[in-house]
Amino acid sequence: MQFKSMILANAEVSPGYWRMRMTAPPEFAAAQPGQFVMVRVNSAIDPLLRRPFGIFDVGTYVPAHSGAQPQPYLEMLYRVVGKGTAMLSELHETDLLDILGPLGKGFDLGPLEEEKLIVGGGVGLAPLYLLAKELVRQSRVRLFAGGRTRDDILCITEFERLGVECYVATEDGSLGERGLVTEALEKRLDLDAGNASIFACGPHGMLNAVAAIAARRALSCQVSLEGYMACGMGACLGCVTPGHHHSPETPDYRCVCTDGPVFDSVDLKWGA
Amino acid sequence: MKPDMTVNIAGIALRNPVMTASGTFGYGAEFAQYVDLEKIGAFVTKGLSLQPRAGNPTPRIVETPGGMLNAIGLQNVGIDAFIEKKVPFLRTVNTPAIANFFGNTVDEYVEMARRLDGIPEIAALEVNISCPNVKQGGIVFGTDAQCAFGVVAACREATIKPLIVKLSPNVTDIVSMARACADAGADALSLINTLTGMAIDLNSRKPVLANITGGFSGPAIKPVALRMVWQVARVVKIPIIGIGGIMTATDALEFILAGATAIQVGTASFINPSAAQEIAEGMEAWLVNNGVASVNSLIGALEV
Ligand SMILES: Cc1cc2nc3c(=O)[nH]c(=O)nc-3n(C[C@H](O)[C@H](O)[C@H](O)COP(=O)(O)OP(=O)(O)OC[C@H]3O[C@@H](n4cnc5c(N)ncnc54)[C@H](O)[C@@H]3O)c2cc1C
Ligand SMILES: Cc1cc2nc3c(=O)[nH]c(=O)nc-3n(C[C@H](O)[C@H](O)[C@H](O)COP(=O)(O)O)c2cc1C
Ligand code: FES
Chain X
383 MQFKSMILAN AEVSPGYWRM RMTAPPEFAA AQPGQFVMVR VNSAIDPLLR RPFGIFDVGT
443 YVPAHSGAQP QPYLEMLYRV VGKGTAMLSE LHETDLLDIL GPLGKGFDLG PLEEEKLIVG
503 GGVGLAPLYL LAKELVRQSR VRLFAGGRTR DDILCITEFE RLGVECYVAT EDGSLGERGL
563 VTEALEKRLD LDAGNASIFA CGPHGMLNAV AAIAARRALS CQVSLEGYMA CGMGACLGCV
623 TPGHHHSPET PDYRCVCTDG PVFDSVDLKW GA
Chain A
956 MKPDMTVNIA GIALRNPVMT ASGTFGYGAE FAQYVDLEKI GAFVTKGLSL QPRAGNPTPR
1016 IVETPGGMLN AIGLQNVGID AFIEKKVPFL RTVNTPAIAN FFGNTVDEYV EMARRLDGIP
1076 EIAALEVNIS CPNVKQGGIV FGTDAQCAFG VVAACREATI KPLIVKLSPN VTDIVSMARA
1136 CADAGADALS LINTLTGMAI DLNSRKPVLA NITGGFSGPA IKPVALRMVW QVARVVKIPI
1196 IGIGGIMTAT DALEFILAGA TAIQVGTASF INPSAAQEIA EGMEAWLVNN GVASVNSLIG
1256 ALEV
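Those protein sequence lines, which keep their order, are chains X and A. For the first sequence, the numbering used here assigns the number 383 to the initial residue and increments by one for each residue that follows. For the second sequence, the numbering used here assigns the number 956 to the initial residue and increments by one for each residue that follows.
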């Protein structure tokens, strides 16, 4: 779906990280956790390409004027890293954006009775909130949030409000335990590996480590990947990632935008 | 009054001059929810080869000011999977589908032309000659007039369908390439394919693309494309399909003035998936507003 969306709020939630709420068409309520949107940052040709962002949340709000009906909204959580995201951060309420979405294949929620372990690194938390919202309805959910410093730990109170048990790890020890988020995850799994499945999004190195942990313990693990995208709909073939059986002799590329962005970790080729 | 938007390319009647460019529109179905495929003139498939092609390692694309570089490496499903999985969709759409294809040797090109010739759902063939000839030390077919003549003449023998030749802009003299292809029996020429470019990441001191170089497309290349279309249109008799950086109806009409009979929308579809349809509608609106009865009267009507 392609639609014009009006910004309802755009605020810095932590240094360098922004959360934007915008209007969405009613059909958008059906967006699956893990799906994403392609945002045209402005209508000029610089930046030329749309930028992909995870769907942080969807819901409804009641506009301020009297007698108003509830309206659907969509939220993104984004980090300012370059030209496009800097321009996004300068937009204000009532500004308009051109959006494509929801796109891609989201998370498979899996069997209800098992424990759900969510692992997010920095802004990788973005697609995991909507996921947690769905999962807490039926399952016990634990969140492992990691970052370099406390500034990279985002929206933890929102997760806590859902009833998610949160474990925080920072590399400098400025919040939670000092160390990597994967160490916090392993510690928890050492206590009780039980019947758990893992959902992760974050930097590639973190996902690589999470996939290795899951493989060692034979746990199901889904990861949400990034890729350089031009179209977001399977046409440019720019966003591909190597599948499990990939080798230079037997190439096996998967489209992050249409086969993913969420993949079962065993379906991917993980680097050394 | 509704202006006449129909044009004729190599014997196929198009409802309007707007086509989609190979590699930017999938196999058609990907865009069906954004574009009314029956509101555009024709669509061109992703480049096809005899065997499936996996393409290049990543990163494969990077944005540059006003454009992008791609080094997809001609990833495609191959002709067999195309026939089995993609052709059935073409049957459902009342718009000409043009198959873009390439090969590594003249024999492969010929075999592809022959296979595609047998598919009734394909209205015309567009042969991409911007590929290296592995039998001739990797020289790109489309950068040597003799090589270009040879491969086009061979494809000409292999198909009775309209044969469109897509020219590479990475040459010193586009006119001699165009002439060679016309002499070899091409029914139409499409130009331009991407310009070879590169991008560098200063901090890592590495090229951004895994392939080091890539094809440059998007609005930044429009002036080069317009110039080439104009140069070629003045010397060849066969119709020209203008391609390169077309984002708006104005861009498209400029190509028509320069001598193109039809145009293709490429990179613009990534930014706005309904671009091709909007450009067709915008062209018609311009004709109405300017009292032009037929788009054909604008072809090559540049006043110099
Ligand atoms: C499916 C998907 C979901 C995403 N979800 C989110 C999200 O929820 N929140 C968020 O903050 N970011 C998300 N990203 C990353 C986001 O798209 C990029 O940070 C953004 O496009 C950068 O744009 P820019 O113009 O600011 O940066 P640019 O100026 O284009 O680049 C700045 C830096 O970012 C790198 N970069 C640019 N684009 C990408 C990309 N697509 N993937 C990886 N690195 C890139 C460049 O190499 C460069 O180093 C997601 C990416 C994908 C593919
Ligand atoms: C991602 C991408 C893939 C492409 N793949 C092909 C291809 O398979 N065959 C081909 O002849 N041209 C291919 N092209 C070239 C386009 O069809 C077109 O000639 C070029 O992009 C210039 O037009 P534009 O500036 O409107 O994009 C590709 C272009 C892009 C951006
Ligand atoms: S972004 Fe174009 S194919 Fe995935």
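Source of the hints: derived by calculation from the structure; they are not laboratory data. We put the beta carbon where it would ideally sit given N, CA and C, even for glycine. Be aware that a few hints might be false.
Stated by the list, open to error - Here are the computed lysine-lysine pairs in the DSBU-like style, where the Cα-Cα straight-line distance is at most 30 Å:
{"hint": "1", "chain 1": "A", "residue 1": "1192", "chain 2": "A", "residue 2": "1161"}
{"hint": "2", "chain 1": "X", "residue 1": "465", "chain 2": "A", "residue 2": "1161"}
{"hint": "3", "chain 1": "X", "residue 1": "465", "chain 2": "X", "residue 2": "386"}
{"hint": "4", "chain 1": "X", "residue 1": "651", "chain 2": "A", "residue 2": "994"}
{"hint": "5", "chain 1": "A", "residue 1": "1192", "chain 2": "A", "residue 2": "957"}
{"hint": "6", "chain 1": "X", "residue 1": "487", "chain 2": "A", "residue 2": "1192"}
{"hint": "7", "chain 1": "A", "residue 1": "1161", "chain 2": "X", "residue 2": "651"}
As the list claims (entries may be wrong) - Derived contacts from chain X toward chain A, CB cut-off under 8 Å, selection only:
{"hint": "8", "residue": "384"}
{"hint": "9", "residue": "385"}
{"hint": "10", "residue": "388"}
{"hint": "11", "residue": "422"}
{"hint": "12", "residue": "432"}
{"hint": "13", "residue": "455"}
{"hint": "14", "residue": "494"}
{"hint": "15", "residue": "617"}
{"hint": "16", "residue": "619"}
*Ascending list of hint numbers which this structure does not respect*: As far as the earlier hints go, 1, 4, 6, 9, 10, 13 and 14 are violated by this structure, in ascending order.
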